[in-house]
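Asks: With the hints as your guide, set chains H, R and P onto chain S.
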Amino acid sequence: MSIPDLYQLSDLFSTDQIARRSRLRWFIDDQVLHHANRWFQEGHFPLEQAQALADYNVFGATLKGYDCPGMSYIDYGLMMQEIERGDSGLRSFASVQSALAMYPIHAFGSEEQKEKWLPKMAKGELIGCFSLTEPDHGSDPGGLTTVAVEDGDSFIINGKKRWCTSATIADVCILFAKLNDRIQGFLIEKGTPGFNPVEITNKFSLRISVSAEISLEDCRIPKANILTDAKGLKSALSCLNQARYSIAWGVIGAAFDCFEEALKYAKQRIQFEKPIASFQLVQKQFADMWTEIVSAQLLALRLGELMDEGKADPAAISMAKRNNVRMAMEVARQCRDILGAVGILDDYHVMRHLTNLESVFTYEGTDHIHTLILGEKLTGLRAFG
Amino acid sequence: MSIPDLYQLSDLFSTDQIARRSRLRWFIDDQVLHHANRWFQEGHFPLEQAQALADYNVFGATLKGYDCPGMSYIDYGLMMQEIERGDSGLRSFASVQSALAMYPIHAFGSEEQKEKWLPKMAKGELIGCFSLTEPDHGSDPGGLTTVAVEDGDSFIINGKKRWCTSATIADVCILFAKLNDRIQGFLIEKGTPGFNPVEITNKFSLRISVSAEISLEDCRIPKANILTDAKGLKSALSCLNQARYSIAWGVIGAAFDCFEEALKYAKQRIQFEKPIASFQLVQKQFADMWTEIVSAQLLALRLGELMDEGKADPAAISMAKRNNVRMAMEVARQCRDILGAVGILDDYHVMRHLTNLESVFTYEGTDHIHTLILGEKLTGLRAFG
Amino acid sequence: MTDLYHIDSLFSEEELMVRDTTRELVENELMPGVRDWNREGRFPVEMAAQFGELGILGATLDAYGCAGVSYNAYGLMAQELERCDSGFRSFTSAQNGLVMYPIYHFGSEGQKEYWLPKLATGEAIGCFGLTEPDFGSNPGGMITTARQEGHEYVLNGVKRWITNGTIADIAVVWAKLDDKIQGFLVAKDTPGFSAPEIEGKWSLRVSVTSDLYFDECRIPEYNLLPEAVGLKAALMCLNQARHSIAWGVIGAAIACFEEALEYSKTRIQFDKPIGGFQLVQAKLAQIWTDITKAQLLCHRLGSLMDAGTAQPAAISMAKRNNVAMALNTARVCRDILGASGIVDDYHAIRHMNNLESVYTYEGTHDIHTLILGEKLTGIPAYK
Amino acid sequence: MTDLYHIDSLFSEEELMVRDTTRELVENELMPGVRDWNREGRFPVEMAAQFGELGILGATLDAYGCAGVSYNAYGLMAQELERCDSGFRSFTSAQNGLVMYPIYHFGSEGQKEYWLPKLATGEAIGCFGLTEPDFGSNPGGMITTARQEGHEYVLNGVKRWITNGTIADIAVVWAKLDDKIQGFLVAKDTPGFSAPEIEGKWSLRVSVTSDLYFDECRIPEYNLLPEAVGLKAALMCLNQARHSIAWGVIGAAIACFEEALEYSKTRIQFDKPIGGFQLVQAKLAQIWTDITKAQLLCHRLGSLMDAGTAQPAAISMAKRNNVAMALNTARVCRDILGASGIVDDYHAIRHMNNLESVYTYEGTHDIHTLILGEKLTGIPAYK
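Chains as they are written, first to last, in the working numbering: chain S, 1 to 385; chain H, 1 to 385; chain R, 1 to 383; chain P, 1 to 383.
Mixed in with the good hints there might be a few duds.
[To be verified] Taking beta-carbon pairs under 10 Å as the criterion, some of the chain R residues facing chain S (in silico):
#1 Q278
#2 V280
#3 A282
It should be emphasised that the hints constitute simulated quantities derived from the structure, not laboratory data. Quick reminder that beta carbons are idealized off the backbone N, C-alpha and C, glycines included.
Extracted from the complex, chain S is given alone in its bound form (with noise of 0.2 Å):
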């Protein structure tokens, strides 16, 4: 990398996590960043190369057990980081295979449900899905709609799903449904009838990854895919703070890379004679971003001590979240700028990053939704619902 690392956060880490981040690193920079641009025009999303990640032991990275990797969060913060200077889109399938589908697995899963799924889910044999958020529940998911009623020795599941990553191309969905008016999640396996995720197509932005809409037709489940231990919306929310914290870490990759384009580009663009990096006004830009980028950087890892050491208050993960993603926005855009007419062409990253992170600031709880949340820790008082 070609930023001076100020403030020697190296020195933080273990000579293993720099050695396995330099791994990943090398692999993004070799088999996606390459390619992420074509892939992005085509709205492609690259199985073979996800899949590929188990390798680096991405896939439920902190779980412990059931050949899963039981690294530390700042293992895995590491890793999403590096996975998402490669796209958002890419971090997003990972994100959502470790936190939102093994996680629930293994969290409030039978004992047969976790050696069925996670031995396999860990090796990137087969992929697992979140479903939780509906067409008209977003930012309320108590209020969601989706229903699901005993029948002899089955779950009978209706209703519909929005915004689901991955859903049109996993073998397991997690899917949360009301049971008996209680938020309840189950297991639902590809292909099962009923079951029909349907691809979104249109989308300007994570366009290397899936997002599917899901229409649950009198879709039958044995009653076995029960995820036992799940309890109310606060299993779910518990998968979201998981998946959070892998997006606080992740966004810092994806501004890395805009960061090191815009510099690169700033040294070598000639104008008026000198380069553009020479001029204060560039050169503000790049102060400003530095300084956020170390903040951010610190913010995750402080964040990612506390989550190994059992000790992080969900509010602490909206921080994060909400600062880190606001962050790299901001940076992708300082970057689109300062690379001038290229920077819209895809012969640059910035605009891919730039146009992935608006899902990225919207999704796993709006801006909006942490502000409140931090609101409501700090005063006590509840200002949204």
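Replies: Here is chains H, R and P on its own, set in the frame of chain S:
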């Protein structure tokens, strides 16, 4: 403190550090905050209270030997934070005593100078000041025009200095002048004929602090009063780095005080039959400020570690000074807004902090200068001077 | 300030003359004293007569000794006054929009004939008591009461943040009469009425701000303002004041801008004027643009007010935008002045502190945000 | 959008009619297709004739088949076109400001008579070659050359970021002739001249952007534009284009604003429309204010241009301010749309991406900053 420690930063400090911080906080609450608004109105610097800081090992905190405390940079930073919770002017006084007077004597002085001055300065019995800036040379101190010439066993100094904190109350002034066209440091004792400090009285900002102009008219000092090991502008700048470090920590304290005051007010102030803290717009302000405060703490803390290890790049200090002062100003402004009409009264502290921070933004390297230091570090290209 | 958008040519000859006369008064009488008045925390009440002479008081009203100029002419007066200090504009906004306007529109013929000529000359000074300690953004919740007893009304309650309160000869006071908001006139020295000044302000020091206390305060029946019924009447007065604020703060912004620009051209660092550095030019360029837009907004608003077609939300938009603009301008200019910017040899920091009050009063920034939000969405979000 | 400042009443009947006719064309012919054109990355060149019919092409010029409307009328046209997509306004800005304007002002009578009527009907399309790969903000440094050989000029060099290049029948090209900048006309299919399209744009996809290559390209002597001498002539063209940009982006902003406002009123979360939440109202209030100010700025600018008194810095101020305003508006609206905002069922994200180009082209934001800075301080800080 009523702000939840969301990132559990207290765990990062030792029991000793926490205890020391608590003692100093009690002193500031009891001896400073109760009187600060009055002192500010009167433009009064409370010299006795300032000297009492010696009991808390504030002066020359990080220096070793000569009865100095020999503490860590993080110890020092925490103290500066607590002092500036009280007032930026008081912290400025402490910064000058430690970083700009004791530090250069310790780093560049002769053995005799050290023994003469440091023990008594550490005890607060003697006060020091630092004089580099001139009326026409603020951001470019290299252009200074004050001149020293040899004359037998003396140097004779002529010139004009400005914005010299503590000058009228100081027992010794570390003053920079050109000797044979090279910048050199000198010790000038109080009462030396031709050394004439005059207080600047029409300030709106830092009114609990003495700022002065100094005119030097054939000011004759003994040859022994040269700072032997001070070599050029670089030595002067190394003092500024010490001071900037203390600012990066200090302003967090000012931000804390504003934030706590506004939070308390917002929870109690009823409008439309509910506390204004329950309004979304107000919660957004708190969420933004809180995030920035935590980030600033992490930045200062990491910088402190680097200082303790002797590895801090000057640009790293610039990043923290610039970011944290901006943060504190924004916090003060937002808090003033939250306080509404009462925010302009001296029943509250916010407006005092707000105006103080205007000076802090400018001094010890303006925001622009630090911007361009970061720009140069990053691009290798110098956009100023 | 270079008039890049030829904004002067949008005004009539008469409007420009009004502006220039006001500017002359400001330059000759106010600017030389403002530094000391600010230090002392004193409003030079002796200036009121001079404001009266120039037709500034009750400027937009017809007859009863008032000048009857256009809203844009009055706006230019406010701009010139606030170019010196927000305190002078505050005095005028209160006298004109909050005292003379309600007497003119809601008063009896007798009330008009008695008070308006004196107020127009500055012989009498007025204040406006609506805000209460616990009811700032939500004046409808007020708890000051009036009850009728024979041929008198008896007032009880407290008002706060009242500009001119301590120096006023007459107060327009709002209280609940049989649970309905009603306006009254209360003369200085009425028993049971007192108006002590609020001390310790770090903002608007060249302005008098007071509490009003009513303790079984008895006023004659004919001091009821007959048409001043309901909160709406009070809000109409506030709209008048907000118009003058939107204009006035442009003056504060221009003063800061001109000072900082001049400084940037003469302050040498690294062997050239700091105005030659890109970072400084970026700041100057932005605030110049912001001032220009604020001028256009105000000019348009004044035209709508003259035509009687300005909606209250249009006034909210201008008050909210222009005060935020001026506050930001003052801060940026303070920064450009560097260390010098903290001493009162320069005006920027005084304006900066003043504008903190202006940002809050006559509807906080957030309240105007929600007025616009309601206008757009149809949904009130105050609560 | 509620016209809170009665801005419509600032325009003449004729100007409003021009706007409404353009709006009708946009609604009927452009809006239904724009989503697909954007997906395909295609400019529907067949629309040019319809623009011609409505008098949009060469709108402000007199005679030679041009409509001769006011700058404000033309501005309103630009606004309506960009309400659909910045690509349409870009096409028009190039055709009008950068091709027809220089032919009209710098061309010979023969050039005018031959080209202007065809360009005005849309039968011919033009482009403007000034920017080079290494000379964007600093066009004076260009390295494209022209040399005279007998009755011909021979051009060598490369131009970049040329709107309409690949579809143009005629290019206005700037090159150094004896070291002095000079304008020429180069017709399509001239040997040695090629104009391949730039691929891979994620912005302005409904617009053709091209390189122009000149490799010993020979043009007849009479294709020199006689009065197009020096960089100043080229910059005069840019000022024309910038005026239309300043107007156009208001349309993009309005489109985003209206879409987001409508969405906020119908999207229910926590049992109420999100438009009822304070945080959403704060965003809507701010962008509404910003659009209103941009409209007033443009209206004033158009009046100055009609009067012939607009300084170039005044145009810079409006281009810089309004594009930044529109870009911010698009971003905020994209945010209000939530997850839906990333699909092209909604317009906001397309406008947002388009405006990234508009922020950069015809003088980047920073360059206009420094133009204003120089105007204020007298000191150029470009270098």
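Asks: Mind checking the CB of R/Q278 against every CB in chain S and telling me if the closest is under 10 Å?
Replies: 4 Å, holds
Asks: The hint names R/V280 as touching chain S; please verify it with the least Cβ-Cβ distance against 10 Å.
Replies: Interface hint status for R/V280: holds (9 Å vs cutoff 10 Å).
Asks: At a threshold of 10 Å, is the proposed contact between R/A282 and chain S supported by beta-carbon distances?
Replies: 6 Å, holds
Every hint, counting from the list given before, is met by this structure.
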